Amino acid sequence: MTGGELLPYVKEVLPYVFGGGGVLAWLNERRVKRAEIAVKDRELALRAQELADTRSAKGEDLLRARDQQMYEELRQYCGKLEARIDKLETQQETWQKAAEAAQLAAHSKELELHAYRTRLEIISSRCTNACGMASLIVPSPSQS
36 MTGGELLPYV KEVLPYVFGG GGVLAWLNER RVKRAEIAVK DRELALRAQE
86 LADTRSAKGE DLLRARDQQM YEELRQYCGK LEARIDKLET QQETWQKAAE
136 AAQLAAHSKE LELHAYRTRL EIISSRCTNA CGMASLIVPS PSQS
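Each residue of the sequence shown is one higher than the one before, counting from 36 in my numbering.
For the record, the hints were derived by calculation from the structure and aren't laboratory data. A couple of the hints might just be wrong.
Pairs of lysine-lysine, DSSO-like flavour, derived with a Cα cap of 30 Å [unchecked claim]: (1) K68 with K93; (2) K132 with K122; (3) K132 with K144; (4) K115 with K132.
Source: prediction; values computed, not measured.
Based on the sequences and whatever the hints tell you, model everything.
In structure tokens, the structure reads:
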């Protein structure tokens, strides 16, 4: 150290040397000041830790609140999806019933058509039989 660097310490020590306490008194006072500074540093560190804990707790509270909000939003969305699925299932049931009704109607029409064909066949066979009998009773012009 140079003289310029030591000057502040010398100025601080001189009153103790000439004032009667000596260098030991100065060293003791320095120790006390350092101890006070250390205590204040510890207090500040504890306060900083308390603030950090408070911030952490607030952060956790904010995270919980955000998680709760997201949960509520997801629950509402799921409810909407379930309602939509129910609606689609109802529509599907309606379409299935309509398809079944159409199949029944088509089957009914097929049965009705079959009944008409059967009647036509019966009428046709009766006409054929009647014509055959008529030809036996009344001779055709070529036979006469």
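K132 and K122 were given as a pair; does the straight-line alpha-carbon distance stay at or below 30 Å? holds, 15 Å
Are the Cα positions of K68 and K93 separated by 30 Å at most? The given pair, whose Cα atoms are some 37 Å apart, is violated under the 30 Å limit.
Hint check: K115 vs K132, CA-CA at most 30 Å. Holds or violated? holds, 26 Å
Hinted pair K132 and K144, Cα distance within 30 Å: Holds, at roughly 18 Å.
Of the numbered hints given earlier, the model fails hint 1 alone.
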